[in-house]
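*Asks:* This is what each chain is made of:
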Amino acid sequence: MTAVTAALRPRSDRPWAGTGTLLRFALRRDRVMLPVWVAVTALMVLSMPGALAGLYGTPAARADLMHQMAANTSLRAVVGPVLGDSLGALTAWRVGVYAAALAAVMSLLVVVRHTRDEEESGRQELLSAGAVGRRAPLAAALLTAAAGDAVLALLIAAGLTGQGTAGALAFGLAVGGAGLVFAGVAAIAAQLTESARLARGLTAAVLGAAFVLRAAGDSATTDGSSVLTRLSPLGWVENVRAYAGERWWVLLLFATTAAALAAAAHALAARRDVGMSFLPTRPGPAEGRLATAGALARRLQRGGVLGWSAGFFVAGVVYGGLTDGAAKLVGDNARAREIFQRMGGQAGLANAFLAAMVGMLGVIAALYVTASVLRLHGEETAGRAEPVLAASVGRLRWAAGHLVIAFGGTVLIMLLAGLGLALGHGTGLGPILGACLVQVPAVWVVGGLAVLLHGMLPRAAAAAWGVAVAVLLIGWVGPALDLPRTVLDLSPFGHLPKMPGAAMDWPPVLALTALAACLNAAGLTALHHRDITT
Amino acid sequence: MTKAITVSGLHKSFGRTHALDGLDLDVAAGEVHGFLGPNGSGKSTTIRVLLGLLRADAGAAQVLGRDPWRDAVEVHRRIAYVPGDVTLWRNLTGGEVVDLYGRLRGGLDRRRRAELVERFELDPTKKGRTYSKGNRQKVALVAAFASDVDLLVLDEPTSGLDPLMEEVFRRCVEEERQRGRTVLLSSHILGEVEELCDRVSIIRRGRTVESGSLADLRHLTRTSVHAELAGPPDGLSGLPGVHDLDVRGRRVRLQVDTDKLDAVLRSLTASGVRSLTSTPPTLEELFLRHYTGDGDGSADAGDGAGAAGPRGGTASGVTR
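Here the protein sequences line up with chains H and R, keeping their order.
Its first residue numbered 1, the first sequence is counted upward by one per residue in the UniProt record's numbering.
Its first residue numbered 1, the second sequence is counted upward by one per residue in the UniProt record's numbering.
What the hints contain is simulated information worked out from the structure, not anything from laboratory work.
Misleading hints may appear alongside valid ones.
Claimed, not checked - List time: in silico EDC-like cross-link candidates among lysine to aspartate or glutamate, alpha-carbon distance up to 20 angstroms:
hint	chain 1	residue 1	chain 2	residue 2
1	R	LYS127	H	ASP324
2	R	LYS127	R	ASP148
3	R	LYS133	H	GLU125
4	R	LYS260	R	ASP246
5	R	LYS127	H	ASP223
Since the model is a prediction, treat every value here as computed from it, not as a measurement.
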């Protein structure tokens, strides 16, 4: 009987073999990144009730805030609707979307790192040649991400119990659930493309689309009931209604979607060869026109710049379109204005909204500049820089090729964001483009730090991501947390005039430009004098 | 004779590891110079210093008459480099990479490029990720041989090439020599070295242990002798340069330093020779001796480089 079943089965009947070993291996490789990411996200959430209690101490103040938000379509689009007036509900409102987005990014990085990255580098071949089942690598990657999401969910649930157990559990699970869903999206993206970079980009684009869908839906309704919101996994987070009459069944939506995506990824993985994708590589030109290190850098970063440009333009159009909602807002309501001011805006509501959006895009551009500068690091550690530098190419020329794209690209994407905002809002181009350009020096400072790290401490170059994320967090939640001025001042963005609306303030802008130049000079000098690493 | 590369007393440390410990290297212009040594002995580190990618801690290095660190860009116009492990950009074709490397150096000979693509059977339209290891090497080799340069620095260039392609590679190096170019060839493939190299340098633990033509180096090793004699041997053990003497009745096995062979033969003929086999040192023995020994002249194929300290002249592994 056993013999018969065994004979009928296909020969490879242990597709999960080795999953446990690979999972432990993945957790070991992520032993720093995963706990830090989980801890930072959890801390961001758990510090909220205290901060919000300081800002909206009385029930009356909180009820007032609810009314503001009910009237304010634009702010709802950015943060989401307030569904209850308890501190727990306000916490879920203020950081829910961002915590879910951070969980999603963590999941996407982990999954791609342990699947497509491994295949692209060729390391997977060696692993798969061991006693490792066909499904084990993907399963281990998904489990690693799931472990991070689960710990994050538990930390949030445990940390918020003071505000009510049911709401804490619902909120924690919703954040973790969003992470799981994007682990599934990343798993599919990793099957579709041969490049880990592209897989990450595709998943990030899905995440961006989810954010825009939710934003559009939330601007239309006050309780997250729009179809658009319900299409977005980030919208599901608010639809769980933590601390506002929890809807537990929405959590099932996370679970079933994540399971379906994971199953689809497994089905795709089973239908392809290790290292290959579904999009076949086409032959290219037999002869090339690339003749300089600069041309090579442009060619290598072309796709990235295009993606960021499109994303920033679309985001600009969307947020520009939402700005009118802010202008129609109930007269001169002091509290609504204060909320904008806390988000980085100034008085004059349309302008305040635009300024807040410009500031948000600015800190996101810090991610672009970091990624672009770190291409230097990637080229060097992958061994592709060595033959180029062994040719008649000076190190500065080689680095300059990439840095022109990093720093020039910053100007380009900010201008495109401004163009989008102006188109979406339908107002004059000049002030908005100016406001976008004012962000550039602060972005450059973040890029300059990456250049410095790559030049002086090549082994620690990845720490530049830490800088970019810290700047992002300070920009997103710093003001809401009422962080001390000294902390806010650590971010270069905190020194910029809040434009459009505020008057141009040249000294900080020029100082940041000079600082960026100095960081670049120091980093390039160090690069010029150090060993090339392998 | 002008020198293409001169290196003396080169030191380079990475943290506590002394990768180079007073290395010397002389490569004459126009010669093919073999650069040999066990894994981790510092070959690639030396090459990377010569390419100005690493900065030496101490010692002097000149490449084509210039400082490889200070004048890197100028020197590199006249150098083509092939690493042992070529990594390509996933979205560039092999042809694009060949042309890029050529242009980043002194320029590319279009006719020779086309000819080399043909000879190496390289499909230049494939994208980086889809090349096998051997084909990635071919991309770098075609770019190097088609470049208009004076010096080729090849760091284990044939790893992953099939025997046919390796033959093509050898002919290409031969052509480079005829064109008067200098080649520094780091390799573990002894047949390749024996066939191509005018002179070799052997390094160990960051230091040059031997340098010269292969004939010179052979001279320093031992010949093994098997003989069957008419009478009992006499006085063999007293001769200089004799090792591992093993006498069983009238049968004699021994090893002798090649330059001391004369006296041994005289002693053997004095006893009357019935049969005699004399095996000259193979290149393998030459390398094993240098790779595993500690400078005391012992060679033990069965024992790895980890063996340290003097080992009283046992050399059984060498006899074949």
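*Asks:* Does each hint hold? Answer for all of them.
*Replies:* Outcome of the hint check:
1. LYS127/R with ASP324/H: violated, 49 angstroms
2. LYS127/R with ASP148/R: violated, 25 angstroms
3. LYS133/R with GLU125/H: Answer holds: LYS133/R to GLU125/H is near 14 angstroms, not above 20 angstroms.
4. LYS260/R with ASP246/R: Judged against 20 angstroms, a Cα distance of about 18 angstroms means the pair holds.
5. LYS127/R with ASP223/H: Roughly 51 angstroms between the alpha carbons, so the hint for LYS127/R and ASP223/H is violated.
Violation of the numbered hints given earlier is confined to hints 1, 2, 5; the remaining hints are satisfied by the structure.
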